[in-house]
Amino acid sequence: MSESNFTTKFLKIFGIDNRGHNRRDPLNVWVPLVSIVLALIVSMIVIAASGRNPFRAYALLFGDSGLIPGGAAWRREFAELLIKSAMYIATGLSVALAFKGGLFNIGAEGQFWVGAIVATFFGYWAPVAHTFGAMYAALGSFGWIAQLLHGAICIIMGMLAGGAWAAVAGFLYVKRGVNIVIGTIMLNWIAWFLITSWLVTFNGPMTPASQTFTFGSFYVADTAKLLRIMMPTRLNTSILLVLLAAYATWFLLYKTTIGYEIRAIGYTANIGMETPRAQGINISRRIMQLMTISGALAGLGGCFFILGMQYQFPGTAIMGYGWTGIGVALIGQSEPLGVVLAGLFIGALRTGATSMQVANIPKTFSNIIEGLAVGFIALQVAVRYYLVKIIQHRRARRAPPAGQEAAV
Amino acid sequence: MKALEVRSISKMFPGNLANDNISFSVEKGEIFAIVGENGAGKSTLMNIIYGIYTPSGGDLLVNEKEVKIRSVEDAIKLRMGMVHQEFMLIPRFTVTQNIVIGDEPHKGIFFDYGRAVREVRELSERVSLVVDATAVAGDLPVGVQQRIEILKVLRRGAEILIFDEPTAVLTPEETVDLFVTMRKLQAEGKTILFISHKLKEVMEIADRIAVLRRGKLQGIVNKKDTNEEELARMMVGRNVVLEIPKVDVEVGAVAFACHDLHVRNKRGYETVKGMSFDVRGGEIVGIAGVQGNGQDELVNAMIGFSHPVSGSMELNGKNMRLVTTAQLRKEGMSYITEDRARRGLVMPYTVRENAVMGQHLGRPFSKGIRMDYDKLAEFAEGKVREYDIRPGDVYDTAGSLSGGNQQKLILARELSLPHNFLIASQPTRGLDVGATEFVYHKLLEEKKAGKAILLISLELSEILGLSDRILVMFEGHIVGETTPDKTTEEALGLLMLGVGIDKKVQS
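Just so you know, the sequences run in chain order W and E. So the numbering used here is basically just the index in the first sequence, starting at one, shifted up by 9. So the numbering used here is basically just the index in the second sequence, starting at one, shifted up by 1103.
This is chain W alone, in the form it adopts within the complex:
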């Protein structure tokens, strides 16, 4: 453990150390980075092939992504970047955690929306909303306490709901052997259509009785909204909460007995998990816990969507946050820190993408970059192979190893 003293000490302040980690393979960092660079290069070729200037496109994309400080609009862009990233990081953590346990939870999408709708409900539901409204009024300048409490209740409920939704798939897997991929993907659509075709549809149970054709749910009370932390932008506490969640995920994986068992299960998932089972580890219980926590993380993203951005369940919501989370988890190599960085990267792409329209490039173009990055990650065996070759080649040029000399 001879990592640089400064880094070690710095991270220790935040309670992070590397004791639970295995010795690091630097390729774990290089593979995703190289994949992203490759994706960017290939995307440039695609832009150039369609007769547009790739350099101008990237200047616009990254210039307005919020990553590079400066410019009049930077504060707003930066805020947008963080707001978007918070949701992607949440779903990314959800998928990554399940991956670590060998479970391909592609149900983050459904868990996200279940979390969102439950957070909405506790945001506007009169008994709760009135209580905190009255509390806010009574507390005067300490009104923020009411805001914190109401927000916390919405988030806790949203997370519990997301967790419960994922636990259904976990239960079906553990008790009935239903493949986790099938279980979660089915539950995605069940959640989505329960919400959009019943709860928040025109004149649905969570929609205001309306004279016009408004659909989308009631708006949440002001006390339920996440506090803003960088006026005048709409940046809110979601980014702080999600960083806390990332820390908690890391802590769970590398500091607790649960994480130790989960990783052992994940490493042996494709060969029947017999080793952990033979050591007396209760696999069913751990899988249920893992799915619940994973779902809760996705649900947290849904809470951010409602309480930090929309303030209602909008009729115009489109799916995608959970799906993106899969990409984030893959690019982040299923490590909490990697997921945070990958989430920020995807958030930046999505923030800057709109500006590329100036160069006549559709804003969905960022999806191509994401897709390619994930594609190259999927090809990581190949990426790894060539990276190793390059490293060996460079080493060989510097000093030929003793063994080769002996062999000649």
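Because the hints were derived from the structure by calculation, they are not lab data. Hints are not guaranteed to be accurate.
What the hints assert, rightly or not - List time: in silico SDA-like cross-link candidates among lysine to any residue, alpha-carbon distance up to 20 Å:
no., chain 1, residue 1, chain 2, residue 2
1, E, K1105, E, V1165
2, E, K1433, W, N291
3, E, K1369, W, E283
We have chain W already, so just place chain E on it with the hints.
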């Protein structure tokens, strides 16, 4: 004529010289054995010859012509064929389908199954390797599955056959069959490279024997001029006493007992049909039997992986018939498995993480839900020294260790768990001489410490050398009970095969 010649082959892996300047030549029609401990470089060498690895230096000659083998396709074109230790069969395909796959006879774009079956029958007759061409591969015994592999290789026109530890998965009589096959192939003029670390088998089948140790060729000897002891010395670089010393310990109380135990396998067939026995403290009870006579199911029931359909099972006097593995562990059951990769270790986990699995809950390794990884490393470092696990870095993954060191790690873990009953299921399978000796030594130490030990093994010498009492298992029953001084390998072998079951062994 030289069928194959290897000249100064070397293979470097990062930080490891797996093959160091190896040269030898194999005559056409010869059975040439390559022996060495696990990790001596046998498999690396074969993978180089078969085009899976490219050598860092050196030349290969086939039929006295220099060749470059860059891929398995190249090797097949040069008429080489490898029979892998792990079979590469598709269980649901028939024997014929498995043999012709990759090079199927066809009628236009359609697969000509009828012709394929005829071809396979012809081939099997010609080389007198009996298989049922239309049987489903997955239903056949391991020995027959291996025959399918051999036929597959022969159908591609192989003249040089590489057998990579072919007997590791075979029962004693299947091994005999295989040797008959190998002799037949030799008589047909095929050249055979036989990789093994079982000296007895090498002495039986090979013409010449090359010994590898730590990547270096120690020497090539004619079978006529050598013996097992000499080979063992060459392999490990010192005298190995394969004699197992007798240890007399006073037998204590019954630790494990089962009565009329019936267990079903995964498919629902009853494969343990009413077994009753007990194991007492300070004694080693050996279960001898041919593989597939219910041993796996018996072990599964004893470790809580499956519940017996009926009968009783007690550990330290407590009923354990319908309990979980965790409860059995808590009551003092320890388990050494032959399947290190699947059941013994989490291969991507480090040595330190593997060393404590099963005792990671509670002090000293965790407090509440918090895991103390420093304590893990400390504990593992102690065990690495005590058990001489090499290379001794507790941050290495278990998968990077050699088979013998993996088994030492499993022993270190299982013996440090609080236990009084040890199940040792084929504890030396796939191990080299040194590691085998280590395992025997540890089992005897356990016995001295008064633990009850159940030893399940296919190696009769192991059963005879270690056990105080021997139970012979055949088709899910105990067909005989004896002691080592009252029986012989031959007598046990007959019993294992179900010969003369009515007449119980005199005891």
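Numbered hints the structure breaks, given as an ascending list: none
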